[in-house]
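Asks: Residue-level listing of the chains:
Number of protein chains: 2
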Amino acid sequence: MTADSVIELLENGRILTTPVLRAAAARLVPPMDTVAAYHFGWIDQTGRPADGDGGKAVRPALALLSAQAAGAPPETGVPGAVAVELVHNFSLLHDDLMDGDEQRRHRDTVWKVHGPAQAILVGDALMALANEILLEQGTVDAGRATRRLTTATRKLIDGQAQDISFEHRERVTVQECLEMEGNKTGALLACASSIGAVLGGASEADADALEDYGYHLGLSFQAIDDLLGIWGDPATTGKQTWSDLRQRKKSLPVVAALAAGGSASERLGELLAADAKNPENDAFSEEEFAMRAALIEEAGGREWTSQEARRQYATAIAALDTVDMPEDVHDKLVGLADFVVVREK
Amino acid sequence: MTADSVIELLENGRILTTPVLRAAAARLVPPMDTVAAYHFGWIDQTGRPADGDGGKAVRPALALLSAQAAGAPPETGVPGAVAVELVHNFSLLHDDLMDGDEQRRHRDTVWKVHGPAQAILVGDALMALANEILLEQGTVDAGRATRRLTTATRKLIDGQAQDISFEHRERVTVQECLEMEGNKTGALLACASSIGAVLGGASEADADALEDYGYHLGLSFQAIDDLLGIWGDPATTGKQTWSDLRQRKKSLPVVAALAAGGSASERLGELLAADAKNPENDAFSEEEFAMRAALIEEAGGREWTSQEARRQYATAIAALDTVDMPEDVHDKLVGLADFVVVREK
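Chains U and E, in that order, are what the protein sequence lines are. Sequence positions in the first sequence follow our numbering and run 1 to 345. Sequence positions in the second sequence follow our numbering and run 346 to 690.
None of the hints are false.
Derived DSSO-like pairs (lysine-lysine); straight-line CA-CA distance at most 27 Å:
| # | chain 1 | residue 1 | chain 2 | residue 2 |
| --- | --- | --- | --- | --- |
| 1 | U | LYS112 | E | LYS594 |
| 2 | U | LYS277 | E | LYS457 |
| 3 | E | LYS622 | U | LYS112 |
| 4 | E | LYS401 | E | LYS457 |
| 5 | E | LYS584 | E | LYS401 |
| 6 | E | LYS457 | U | LYS249 |
One side of the interface only, derived from the structure: several residues of chain E facing chain U at Cβ under 7 Å:
| # | residue |
| --- | --- |
| 7 | MET377 |
| 8 | ILE465 |
| 9 | LEU466 |
| 10 | THR498 |
Worth flagging that the hints you see were computed from the coordinates, not collected in a lab. These numbers were taken from a predicted model, which means no experiment stands behind them. All C-beta atoms, glycine included, are put in the ideal place defined by N, C-alpha and C.
Let the sequences and hints guide you as you build the complete structure.
Replies: Structure (structure tokens):
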């Protein structure tokens with residue numbers, strides 16, 4: 001698939017999903033409806049219509065493709081696409097507040113504009129709305145889809161809890177980090193990749209295989225995100241240099257480097273242990289972060305993470321082979337995976 | 346029913362529900378499992394087992410009784426009782442944070458002890474867990490129950506949003522206030538009163554009638570709570586004198602007094618409008634609050650609210666007549682309503 005056809009795929013997903021998503025958000029009582037519209041980029045801070053960047057909309061595209069993988073029309077996947085987007089945005093609203101992040105998609109975050117209470121309330125409302133939208137379908141398949149969505153939602157919350165708790169720990173194993181990233185990024189992509197199929201009547205085995213595709217795609221994406229979090233170009237990522245090191249994230253390159261052994265690994269461990277006793281690392285110079293990044297690379301953390309991204313990608317693509325689906329749908333799922341994994345920011 | 350048999354009813358509900366609730370909370374990843382156990386009163390701040398006050402447990406008792414109203418054993422209602430308790434406690438965790446409340450059940454609130462992020466995360470997790478527990482039953486009736494629970498959860502969130510927004514408005518109508526209280530208090534009691542019956546295979550009509558009972562019981566409870574919020578004895582309520590007036594709550598006695606017309610109503614309206622321009626009402630003297638309370642009473646707000654509590658109670662009890670249920674179950678639902686409505690704190 002060409003890059004253009006992936007863009008078209010994402011755009012078609014948006015066209016089918018956005019009206020239903022807007023109608024869902026409009027159910028909230030004031031001022032939550034306005035706050036939600038601001039969060040999704042449909043209005044600006046003054047309430048005027050905006051043509052906002054609602055994100056890449058990979059999840060809706062996956063949900064519609066997964067309906068087609070089960071032989072159903074993309075429309076069958078729409079309630080699933082909307083529900084997954086609602087859960088994704090619930091987590092953004094709450095995570096931005098918990099992490100104190102002031103910017104999202106180049107705009108002030110909801111807690112920054114409308115206050116913490118609205119960020120909590122609207123997040124809560126979007127999570128509940130997601131289940132409501134699905135269960136309103138009133139079918140047995142909608143019940144199956146809701147059960148998978150609820151499990152994914154719980155894992156998403158587990159992942160955020162683990163991410164926060166890891167920041168306060170000196171050591172995290174590679175296994176723990178992969179589990180956290182699987183919860184935080186893999187679980188909802190897994191759900192997005194299977195929910196349309198479930199609504200289209202797919203077998204549990206096919207739904208599980210599609211979940212595997214999405215789960216490992218999420219882990220591949222996250223491995224690359226972890227690389228960009230340290231070595232990404234600020235001009236393209238829109239973040240500070242050494243962003244994850246500044247936040248003391250126990251991301252994959254860091255934990256892999258610490259687990260590798262050898263002199264660079266040991267030196268890195270000593271530095272990070274000393275850092276943990278000094279909460280003011282904003283005062284660190286560029287050179288001090290660059291030195292830590294160099295040690296991570298020397299210990300093999302960068303190369304291991306890069307290979308891990310490729311391994312997870314291969315596992316994701318292999319999972320598709322067990323599902324009997326139209327060839328063009330298979331190609332689109334591969335094309336979307338390429339788009340998600342090969343990126344500069 | 347005697348007071349003793351109501352206490353026994355509540356205790357039996359706790360005995361059936363608490364082990365399942367504890368097992369559900371234990372699924373959360375650390376440190377959320379500990380934070381949840383603290384919130385439910387099972388451990389103290391140092392992690393030692395505690396014999397905490399987990400609340401009156403009216404909702405679980407209603408859920409088990411509603412299973413019996415459908416001719417099923419109380420055990421059939423247990424997943425519903427647990428799910429409703431989880432949603433109730435999700436809302437307590439988030440509301441305490443949004444409202445800045447530092448005490449709940451005579452203990453420091455979760456955000457005060459474990460920080461705002463844990464209050465948000467564990468609240469989120471309990472909401473998701475509620476749906477998970479129900480859907481794991483894997484039956485069509487569990488799907489119906491989850492749909493009702495999700496609708497109730499959304500109303501609960503709507504009610505909290507309305508409550509917060511009303512505090513910033515000068516005027517709220519009696520109708521708006523009743524709608525807010527119906528969402529905030531009625532909806533989840535309605536769900537508790539029907540969810541066991543739904544799990545026991547009750548018809549939609551019977552489930553709706555049981556919801557009506559719970560909804561109006563909630564409104565009756567809330568009307569009395571609003572009276573105690575102004576005229577309650579601090580020694581029994583555990584709150585400050587004139588508690589709701591200090592918080593500028595647009596509670597039923599206030600909005601009814603403002604809507605009544607006449608000289609006391611007008612004088613009250615002028616005072617509250619002036620108050621709204623002065624955010625520092627902590628500096629008000631006891632006499633100033635007492636004067637506002639006297640005006641509310643003189644305008645008829647106290648008497649109207651007291652009558653409203655009786656009207657809502659009568660509507661609740663009448664709703665039970667449309668459901669064909671064992672006589673002893675009917676009597677227990679009436680006994681529980683009496684217990685909920687007649688109280689001193």
